[in-house]
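With the hints as extra help, turn the sequences into a complete structure.
If you read the protein sequences in the order shown, they are chains A and B. Residues in the first sequence are numbered from 1 upward in steps of one, following the working numbering. Residues in the second sequence are numbered from 10001 upward in steps of one, following the working numbering.
Treat the hints as calculated values from the structure; they're not laboratory data. A portion of the hints provided could be inaccurate.
Pairs of lysine to aspartate or glutamate residues, derived as EDC-like cross-links and limited to a Cα-Cα distance of at most 20 Å, are as follows [said to hold, decoys possible]:
id	chain 1	residue 1	chain 2	residue 2
1	B	Lys-10042	B	Glu-10088
2	B	Lys-11070	B	Asp-10437
3	B	Lys-10537	B	Asp-10380
4	A	Lys-30	B	Glu-10662
5	A	Lys-307	A	Glu-399
6	A	Lys-30	B	Asp-10742
7	B	Lys-10595	B	Glu-10464
8	B	Lys-10738	A	Asp-43
9	B	Lys-10738	A	Glu-293
10	B	Lys-11070	B	Glu-10373
11	A	Lys-30	B	Asp-10851
12	B	Lys-10738	A	Asp-28
13	A	Lys-30	B	Asp-10437
14	B	Lys-10974	B	Asp-10883
15	B	Lys-10738	A	Asp-50
16	A	Lys-398	A	Glu-293
Here are the computed distance ranges between Cβ atoms for each label pair [as the list claims (entries may be wrong)]:
id	chain 1	residue 1	chain 2	residue 2	range
17	A	Thr-166	B	Ser-11007	30 to 38 Å
18	A	Asp-428	B	Thr-10644	43 to 51 Å
19	A	Arg-125	B	Ser-10710	23 to 31 Å
20	A	Tyr-419	B	Asn-10276	58 to 66 Å
21	A	Arg-125	B	Thr-11014	47 to 55 Å
22	A	Asn-437	B	Ser-11011	24 to 32 Å
23	B	Ile-10588	A	Lys-175	44 to 52 Å
24	A	Ala-196	B	Asn-11005	43 to 51 Å
Quick caveat, the model's predicted, so the values are computed rather than measured. Cβ atoms here follow ideal geometry from the backbone N, Cα and C, with glycine treated the same way.
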Amino acid sequence: MSIKLINLRIVSIVFMSLLASCDEEWLDAKRDLRLIVPETLNDMKLLIRDENNLAKDNNNLIELSADDYYIPSASFASRTVIERNTYLWAKDVYEGQQNLADWNQAYSQVEVANVIIEGLSRIERNSSNQHEWDDVKGSALHLRGRAMYYLAQTFSPPYDSKTASTNLGIPIRLKPDTQAPTVRSSLQETYDQILADFNEAAGLLPNAPEFIMDASKPSAYGYLARCYLVMSNFQKAFEFSQKYLEQHSELLDFNTLNLNATFPIPRYNLEVAQHSESSRVYGVFVFSSSRIENSIYSQYANNDLRKVVFFRNMGSGENGTYGFRGSYTGGVQLFSGISTNEMYLIRSESNARMGNVQAAIKDINDLLITRWIAGTYIPYTASSAEEALNLILIERRKELMRRGQRWIDLRRLNKESRYATKIVRVLDGVQYDLPPNDQRYVLPIPDYVITLSGIQQNPR
Amino acid sequence: MKKCSTKLWKIMKLCAAQAMIAIVITGVSMAHDNYAQLLDKKVTLQVEDVSLEQALYKLQDASEVKIFFSLESLNTEGGNVVSLQAHEETLRKVLDQLLTPYNIKYRVDEKNSSIIILKKENSKPSQSTLSAPTRSIQINTITNVTGKVTDATTQQPLAGVNIVVKGTTNGTTSDADGKYSVNANEDDILVFSFIGYSVMEIKVGKQSVVDINLVEDVKSLNEVVVFSTGYAEETPERTTGSFSNVGKELLERNVGPDLVSRLNGVTPSLLVDQRNGNQAFFNIRGRSTIMANDQPLIVVDNFPYNGNINTINPNDIENITVLRDAAAASIWGVRAGNGVIVITTKKGKSGQPLQVNINTNVTIGDKPDLFYEKRISTSDFIDVEKRLFDNGYFDNDITNFTNPSISPVVEILLKGRNGELSEQEVNSRLHALRSNDVRNDLEEYFYRMSVNQQYAVNLSGSTERSSFYTSVGYDKAASNLVGNNQGRLSLNFQNTFRPVKKIQIESRLVYTQTTSEANSTVGSIRMGSRDIYPYAKLTDEFGNPTPITYDYSPTFVNSAESKGFLNWQYNPIEELRYSDNTGKQSNIRAAFGIKYDVAKWLSGEVKYQYENQGLKARILQPIESYFTRNLINSFSNYNGSSVTGYNIPLGGILTHSDQSLESHNGRFQLNASQMWHNHSLIALAGVEVREVATEGYSYRQYGYDPNLGSSSSVNYDDNFVLYPSNSYATIPNTNGIKGTLDRYRSYFANTSYTFKERYTLYLSGRIDQSNLFGVRTNQKSAPLWSIGGKWIVNAEPFFKMESLPYLSLRATYGYSGNVDQNVTAFTTAQFISAAFSQRNAAFLVNPPNPDLRWEKSGMLNIGIDFSTRRNALSGSIEFYNKDCTDLIGEGPLDPTKGFTSFKGNIASIKGYGWDVQFNSINIDRTFKWRTNFMFSYTTDKVTRYDLRPTSIWDYMRDGSISRITSDYVPVEGKPLFGVYSFSSAGLDPQTGDPRGYLNGEPSANYSAIQSSATIDSLVYHGRATAPVYGALRNTISYRQWSLSLNLSYRFGYYFRSPSISYSNLYSSYKGHQDFAKRWQQSGDEVSTTIPSMVYPGNSLRDAFYLSSETLVERGDNIRIQDIQLAYELADLNVGSVTLTQFQVYAYINNVGMLWKANSRGLDPDFPTLPLPRTYAIGFRFGF
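This is the structure we're talking about:
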């Protein structure tokens, strides 16, 4: 046997053993640098920070449906299908439109939360990581609660403790498993889950967020206050707005704002506990495409700075109509996060509902004095709880313009005959009505969701 | 993992170092300049009781000289078992010993360093010479003409040349020294013919000695074929699989600078789809996958090629083999599901003298015809704008605080409304615009004739122990778009080195560098989010470049400078000057292989290839460019009356991106071949590892000063209020990093066994493993196999059809695979930078899929190959049947689950088809006429697709054009790409609304029509891709002239023609010429199908019309693909140099449509812009 043959054999042996020694590890290498299989606590933290998806609230449909704005007849035709149909509370809202954020993105937030919560169940919580662990878990629960809160306001009937266990709520998903079937829960189960998530989150979250879009104890309290208000549980709504305000009570003095700016209210201002915004920017969210009814505008007193800060005169060509520019996002996006002014209003209303007239009026006065030209505000007084409540509800509407709150308030207040309101739209001389407690106060679930999941559609 | 990769690295580095040494050594040895003649090569051969065929194969291996023969030529009566012992004998002697007993002649093809065994029927020397004198008795003045026949190139004597006295049967053949003797008289014409050479005719006259040089005719050698599978070279006689070969001649016919154009229409079953505009898609035998990569595997010199195939210089390509069926492709395993295109580049051959070839040409292309796109006329468009304006459509834009652009017409109308212009003045201003068409200006300033120059020089030769091939190529292209230019430099060094017998070392170093300038700005000419208004003028009346209305209203733009902003105008022609985008793509391929003959029957080889590609792009947007001015302005600090500062520094913006790909391929392979008596066995087995790593970086510098090379830092973290939109944004940060790593490990083996040279059995198997992200180990492997058989019918003793000297049948069955690297088994997430806080973040990409598997594609192939006498008609007919299972499909997932879609192994496709090729030699005299006909038929049908689309509109998209998988809508029982439409009930006579059917009644309730429509209620027209396609090429030649014309055809498919969408016209200014023929009053519905114009636009109505059957057309067409005219001279003496080849050629590509089924004047294969016709002229010579 020649030396070369031996050499060849050596080469081949080396080659073969090389391959053999490259056991499965060699093939386990990660394919894409930017892809991760979320496993570690840090991975979970990365997921909860996806502000592009998670700092958005999917309350577009209910904001489009509400009567905080109107569309000038001339530009109605150029609005999108969804804008036109929600505006007129049409029977077929979607006309086959796909990818509605109010369902899809909300549930993708739920999925992110579930991936994190399940991931954390496999990560040990110990003394060195407990703060971070708690923060991530609290944030995930907070996220899931938020997404479900808006889903419930959009696709389920208004909460009523008498019928909540028989009314249909939304599908509750608590595991990231995509194989599990989709089933609608009862409305009671839906609210129980939302409250459970926020309550647990409040126990885990830090007092102050790292970044203003992160969840914190105050923002969890804020959501709990909102939820209980929607459920007409005023005692609890009071408790949580109180807890919020104990930590976060400072208000923005509108006298300090630059009234010449296009959007006078600064983004991330001191009233904001958690910044989030509506997930879509529909044209009618922007003052150039929608207007504010004069009947609302004229409710603001001349010394009320909000009359300037919130509204923009659309010019002579428009015969003195007004557009809204008072978003806490400091731009055209609509703010939907948790802020201190809203908490004053919740505490005030809860107090009034519970008969604490003085406390209720104090909150309103404390809020409004920051909204008026310095030295011009004359404090409100009220002799009865009902008188207080009436003025609180008017101030609530005036303060929380275009925040996605109006529709939720309409659903809630329509249950009380004294506050039930028929809302109307007028387009090209034709009037469209939405009577109180109409079926159309519940948006239909998108058709493709019905097709793919087989869940029950809302009557309309 | 680390340990392992380090080892691999070491080995690879070692290999690379050896490759370099080999190149150096070969370079030195070349200096000897000692060219051995092929036949003087020393050969050692021992054969005992083997067939002549086997002996020739062994001789081929021993001598490393290609020996070409057809079985027919060896089909000697009385058996042909030979035995031979030769030790260090010359090849000449061995060949003589082997062939003389059977009276078989051969000739040397020096050019290709090969031996060609001549057909026996051409060589019956004894009979002819004997009969000659007897017949010549009848002739009175007989002269005995003698002479010598030699090869014009090599001056080697040619043996076996047929010499016939024209018009008689009187003739002879030349002997081994090329000498002949024939009786003829003065007026006779001698006709010299020899396979592979041009026929020569000489009048005898008074000469008694006629020496003649025969000129090689490369074209007639088309039966000399070698297939490369990338693992081994195979001869047609032994292969069971389906191969299709594109030889050098066919590749050289088309002079395009890129491979894609050269492969178009030259081989059956390969369809080149260029409907997408920029990117050409290959398709071999239809679809085998849905979501995974659908392009064939490209193999260059034995290893998969990762780069852009257009960086390969076609002048360096020796041949291309297309592997079509499972048996041919299964050797490539999971990547072969779409077929394999094996490209073999040129290399030096042993025994070949020094040879130099030069090819150069220039190609000029027409300007593209922008008017091919049928746009609404300017005048109609202005009327539409006027109507929109009157309806208040633009009022929002006019009052909008973000100052969106409003067109000049709207501005004029607004001035009229505000009383600034009289009605008369308004009308006359509008009238002045009506005759403009911006496309005239675009053609003038942004398009030009394309010019493409090609220069290629190659040098090849050999010494006793080595051979080499070196080439340099340079291509320079000025594209149709002003500002876009490209240059490609390619260098190729190949060496084969035999330091000792039994060892053969091959090395190759290929470097290509492509530099490109992409400075055309025509793509960014628009108005805001709309198309450019058609009456735009790009110059003023003096021809000076003039601004157009761009992102913002002119009033806003004109007042910007006084507020302290930079000039905010957009001047299209000026922009062209400030565009500075360059790209440099370099590709290095270094390969090294060593082959060692362990024993007579066994050899081992190790091959290694390193590939490195770099793509560097540099985009400089100087401060003069609109992009930079606009960005600086938007991000400036504006206090409501003036600019107080800039957040983006004044200066240019320089963006770099840098992408690289590095691959290592290693292969160890054992080859065995043994023959005894009636049996022969060839086998190979091996392992292969492969790693492909890509990396990409991009980074940007703001405030760049090209004179100083300096830049400034910016604040990427904070959000700024943008002016005038008032939205919040951070400064665009293009800095990024990405990377992928693909690893494969494969084990493969195949064997073929032949009995009595008639029956061949073929088996192959392969296991592939990869780092398919997240798949459980047991699913990473995919065992794939194939089996094949072949029967050479004409070799049977009972087969006596002399008119059919070659006939064989073959059949194969087997599996290849595919993989979608983008799907994974686990929930995965991708890193991003958080939208607002800019912190590290991640988002979920996909739900988990623990059952992920490789795709599998099974194929049955049955083929028949035949050839009639003298190749008058030859060809092949193949039938195949495909069954692709476990295909990755995507479908909607209930979004409640958190994801809107899901990818998994949910689909199957079945298909079948035919591939037919006929080659005929119709006339073969001084005037020659040959025809090549190719026909392919392919179908596919989705047999399983578990997920269904939720919207009826999904069916209306044609994913076959875009190849965007999210556009695919597989329907069970239908082809993957089908054309569907709503049935049409004509226009409503009252309103001009397009109508469909609702519950069987004509209806214009589009909402109800769409929501009640199902896939079954839609009209299914047929396939969106051509099931029938092919080409017909006729070549005629007369003496030195040859002319060939290639027709290509596609039949049996449908497409949707574009038309007017009013909502689109309003919102994006995209309008179609059909507008002019729209319904306008009752009665029009008789003569038009184009709906009336409505305001406001109803997008559902438009979508219904555009998706209705009215607009679906047949795609069938026949086109003249190209024409080539060549004049070839050989034996041309220039001074002391004899040219072995001298060819001048002219070539016209994309000649035009001959016939089309649709009457709308549309080219279905080029929906947006047809490829401009190109004219080339060039020459080739060699010495």
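List of violated hint numbers, smallest to largest
Numbers 9, 13 and 19, in rising order.
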